[in-house]
Amino acid sequence: MNYTAVALFAAIVGLTLVITYFAARKTKTANDFYTADGGLTGAQNGIAIAGDYMSAASFLGIAGMIALAGFDGFFYSIGFLVAYLVVLYLVAEPLRNLGKYTMADMIAARFNASKVRGVAAMNSIVISIFYMIAQLVGAGALIELLLGIPYTTSVIIVGILMTVYVVFGGMTATSWVQIIKAILLMAGTAVISFMVFAKFDFSIMKMFSEVKQATPLGDSFLNPGNKFKLPLDTISLNLALVLGTAGLPHILIRFFTVKDAPTARKSVVYATWIIGAFYILTIFLGFGAAAFVGADDIIAANAAGNMAAPLLAQALGGDLLFAFVAAVAFATILAVVAGLVLSAASAFAHDFYSHILRKGQATEKEQMTAARLASIAVALVSMVLALFAQSMNVAFLVSLAFAVAASANLPVILLTIFWRRFNTGGAVTGMVVGLFSSLLLVALSPNIWAVDGSALFVGEALFPLSNPGIVSIPLGFLGAIIGTLVTKSDEVAGNFERILVKANTGIDAATEVAASKE
Amino acid sequence: MHQVSETAKTETTRSAQTIVESASFKQLMREKNAFILPAIVFCLIFYFTLPIMTSYFTFLNRPLLGDITGAWLFAFLQFIMTWTFCTLYNKKARSFDRLVEQIKEESR
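For the protein sequence lines, the chains are A and B, in the order given.
The numbers in the numbering used here rise by one with no breaks, and the one at position 244 of the first sequence is 244.
Convert by adding 1000 to the 1-based position in the second sequence; the result is the number in the numbering used here.
Read the hints as simulated data drawn from the structure, not as lab findings.
Glycine included, C-beta positions come from ideal geometry on N, C-alpha and C.
Watch out, some of these pointers could steer you wrong.
Here are the simulated PhoX-like cross-link-like pairs (lysine-lysine), alpha carbons at most 20 Å apart as the crow flies [unchecked claim]:
{"hint": "1", "chain 1": "B", "residue 1": "K1092", "chain 2": "B", "residue 2": "K1026"}
{"hint": "2", "chain 1": "B", "residue 1": "K1032", "chain 2": "B", "residue 2": "K1091"}
{"hint": "3", "chain 1": "A", "residue 1": "K266", "chain 2": "B", "residue 2": "K1032"}
{"hint": "4", "chain 1": "A", "residue 1": "K100", "chain 2": "A", "residue 2": "K259"}
{"hint": "5", "chain 1": "B", "residue 1": "K1104", "chain 2": "A", "residue 2": "K259"}
{"hint": "6", "chain 1": "A", "residue 1": "K100", "chain 2": "A", "residue 2": "K266"}
{"hint": "7", "chain 1": "A", "residue 1": "K365", "chain 2": "A", "residue 2": "K28"}
{"hint": "8", "chain 1": "A", "residue 1": "K266", "chain 2": "B", "residue 2": "K1092"}
{"hint": "9", "chain 1": "A", "residue 1": "K266", "chain 2": "B", "residue 2": "K1091"}
{"hint": "10", "chain 1": "A", "residue 1": "K26", "chain 2": "A", "residue 2": "K259"}
{"hint": "11", "chain 1": "A", "residue 1": "K100", "chain 2": "A", "residue 2": "K28"}
{"hint": "12", "chain 1": "A", "residue 1": "K100", "chain 2": "A", "residue 2": "K359"}
Each pair of labels, with its calculated beta carbon distance range [stated by the list, open to error]:
{"hint": "13", "chain 1": "B", "residue 1": "Y1056", "chain 2": "A", "residue 2": "K115", "range": "37 to 47 Å"}
{"hint": "14", "chain 1": "A", "residue 1": "D508", "chain 2": "B", "residue 2": "T1058", "range": "51 to 61 Å"}
{"hint": "15", "chain 1": "B", "residue 1": "P1063", "chain 2": "A", "residue 2": "F194", "range": "20 to 30 Å"}
{"hint": "16", "chain 1": "B", "residue 1": "L1064", "chain 2": "A", "residue 2": "Y21", "range": "50 to 60 Å"}
{"hint": "17", "chain 1": "A", "residue 1": "P464", "chain 2": "B", "residue 2": "L1064", "range": "31 to 41 Å"}
{"hint": "18", "chain 1": "A", "residue 1": "R420", "chain 2": "B", "residue 2": "L1077", "range": "35 to 45 Å"}
{"hint": "19", "chain 1": "A", "residue 1": "Y21", "chain 2": "B", "residue 2": "K1092", "range": "36 to 46 Å"}
{"hint": "20", "chain 1": "B", "residue 1": "L1064", "chain 2": "A", "residue 2": "A377", "range": "53 to 63 Å"}
{"hint": "21", "chain 1": "A", "residue 1": "Y3", "chain 2": "B", "residue 2": "E1101", "range": "53 to 63 Å"}
{"hint": "22", "chain 1": "B", "residue 1": "E1106", "chain 2": "A", "residue 2": "T41", "range": "21 to 31 Å"}
{"hint": "23", "chain 1": "A", "residue 1": "E491", "chain 2": "B", "residue 2": "F1048", "range": "29 to 39 Å"}
{"hint": "24", "chain 1": "A", "residue 1": "A214", "chain 2": "B", "residue 2": "T1058", "range": "20 to 30 Å"}
{"hint": "25", "chain 1": "B", "residue 1": "L1073", "chain 2": "A", "residue 2": "K359", "range": "55 to 65 Å"}
Listed below are several chain A residues computed to face chain B (Cβ distance under 10 Å; list not exhaustive) [claimed, not checked]:
{"hint": "26", "residue": "M205"}
{"hint": "27", "residue": "P224"}
{"hint": "28", "residue": "V268"}
Given the sequences, and given the hints that come with them, work out the whole structure.
Structure, rendered in structure tokens:
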């Protein structure tokens, strides 16, 4: 057992619990719990978004994928970053202006029907839980490997910690855990990248020419096509990555932690710079691991390549750096799962309980209790699912969450803001079609079915692509459009104008009908 | 605890229709659409050009700078593109903010 690693893990647990203690004293109302009272600055929220977003799949997964498959791994880095342009240009500001606590708030701002809110909340919960299973499976495997604690115990430890942060510290604790994690992750990645770069005499040219000699792929290491063989699969993955971020509930709820739309915009700008810098550095992690650890040792530690970054740290800086990087990976997972618990719990407590069940009549105290109970329930369900999902590929679960988010959420978010004709029927159809088509296509895909027994079931996959995006995202849009055209609009006259004004300016204006009554 | 997020909303007695028809709101929407739509369309085309090129053609596999191939250089350009358009929007949005302030002023 690596005692430095144990000490650093304990230090991170201690620090985050201190944060939670102070956050708990500031968490008194539902508004505190869901949005940290809207009191974060643009810079704070930007760093927290980066901390919420750069998950174990990014740090461990991409480093391993670049090390083993070269260019194809870098597709993830590019897509994860460019996605922020969609968030910045189309989603962040209208979302902040229209919503209050959840993504469903934004859609319900226009279509105030229980079924719209209910379906939107269901999507948030499904996406967050898929994403969370991926993080917990990764956490369990990582801690088992690093500290020798069994997988089940590891998942339970992480599960308890995330529940404690959220139940006691709400959004305030979650935000600060994410901010600290982002700083640790950037520092750890920068140190390793610097050491890798130094080994190549600070020459990018030398790095590229030497890394391809070090890998079994040789010249083709630098070329696309080592991992994704079908052209449509590559494009489908890229589509899900670039459009998925703007539909991820745990990212979207971060925009409610700032006071207004201009601050929401500033936070995306900060996040984009940090996230971009991080994903550029994934090249150094991946190339470094390929050159100084070697494909054989990476695969020996974990077939999917998830141990590439910690092994690289060990090769460069011995046990001390290894322990530090392992602790950074642990902090990374804690910060992301806390955000996910909060997003799924807010969909349960705010959308289902407060709005649908209690019709907005729940008291402050009842809302807080519901939010806390929902957090515990979400954490328990995810932990149980993670115990069964131990053998599943982490990167696949994350890309599935992106595909569902892009297919089920994004079309409806965009049409709510931009399409005058859009109606309740379209919103519900779009979300349901997007959700079920992406889930069904994955269930029929090579991720689940393989002739050689390398997947969950043995057999021919009915759907040839491993990523459903290229079919399910257009289906999500089509569902929303056709659903709108075949149903009658129940929208009050002037409601779209009200949404247009509120989305673009934040002004809460009345519709003409309501205004003339005064 | 105060409801800080509530202060972000501006109450108004003007109806949404009046605001939508006002010259300043029309100008805001015109300026926003004229910038946002072409920019996002360009970025998405630029983005998808990379996987389409690498999936169906091999000319980006040619080394251009030492051993660095066209695909990697194009990939780096995606980062430059993202940061550039992020900065551009951030600058441009200041004029949107001024118009929003003006609309709020008129609505009081």
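Hints versus structure:
The straight-line distance between the Cα atoms of B:K1092 and B:K1026 is roughly 17 Å, inside the 20 Å bound, and the hint therefore holds. Taking the CA atoms of B:K1032 and B:K1091, the gap is about 13 Å. The hint holds against a cut of 20 Å. As the CA atoms of A:K266 and B:K1032 are separated by approximately 17 Å, the hinted pair is consistent with the 20 Å bound. Restraint check: the Cα-Cα separation between A:K100 and A:K259 comes to about 11 Å, which is no more than 20 Å; the hinted pair holds.
Proposed proximity of B:K1104 and A:K259 is supported: the alpha carbons are some 16 Å apart, at most 20 Å. This hinted pair checks out: A:K100 and A:K266 have alpha carbons roughly 19 Å apart, not beyond 20 Å. Only pairs whose Cα atoms come within 20 Å are accepted, and A:K365 paired with A:K28 is accepted, the gap being roughly 9 Å. In summary, the hint linking A:K266 to B:K1092 is supported, as the alpha carbons are separated by about 13 Å, within the 20 Å threshold.
At most 20 Å may separate the alpha-carbon atoms for a hinted pair to count; A:K266 and B:K1091 meet this at roughly 11 Å. Between A:K26 and A:K259 the alpha-carbon distance is near 17 Å, which keeps this suggested pair within the 20 Å criterion. A hinted pair counts as satisfied when its Cα atoms are at most 20 Å apart, and A:K100 with A:K28 qualifies at roughly 17 Å. Taking the CA atoms of A:K100 and A:K359, the gap is about 16 Å. The hint holds against a cut of 20 Å.
Look at B:Y1056 against A:K115: about 43 Å separates their beta carbons, and that is inside 37 to 47 Å. At roughly 56 Å, the beta-carbon separation of A:D508 and B:T1058 lies within the given 51 to 61 Å, and the hint holds. Between B:P1063 and A:F194 the C-beta distance comes to about 26 Å, which sits within the given range of 20 to 30 Å. Taking the beta carbon of each, B:L1064 and A:Y21 are about 55 Å apart, inside 50 to 60 Å as hinted.
Distance hint for A:P464 and B:L1064: a CB-CB separation of about 33 Å, consistent with the stated range 31 to 41 Å. For A:R420 and B:L1077, the Cβ-Cβ distance of about 37 Å falls inside the hinted range of 35 to 45 Å, so the restraint holds. Separation of A:Y21 from B:K1092 is about 43 Å and conforms to the stated range, judged on CB atoms against 36 to 46 Å. The hint said 53 to 63 Å for the Cβ distance between B:L1064 and A:A377, and at roughly 54 Å that hint holds.
Distance hint check for A:Y3 and B:E1101: the Cβ-Cβ separation is about 58 Å, which falls inside the suggested range of 53 to 63 Å. For the hinted restraint 21 to 31 Å between B:E1106 and A:T41, the CB-CB distance of approximately 29 Å keeps it satisfied. Hint check: A:E491 to B:F1048, Cβ distance near 34 Å, so the stated range 29 to 39 Å holds. The beta-carbon spacing between A:A214 and B:T1058, approximately 23 Å, falls within the hinted interval of 20 to 30 Å.
Evaluation of the 55 to 65 Å hint for B:L1073 and A:K359 yields a pass: the beta carbon distance comes to about 57 Å. With its C-beta approaching chain B no nearer than about 4 Å, A:M205 sits inside the 10 Å limit, and its interface hint holds. Checking A:P224 against chain B: minimum C-beta separation of about 4 Å stays under 10 Å; hint holds. Hint status for A:V268 relative to chain B: holds, with the closest Cβ pair at about 8 Å, below 10 Å.
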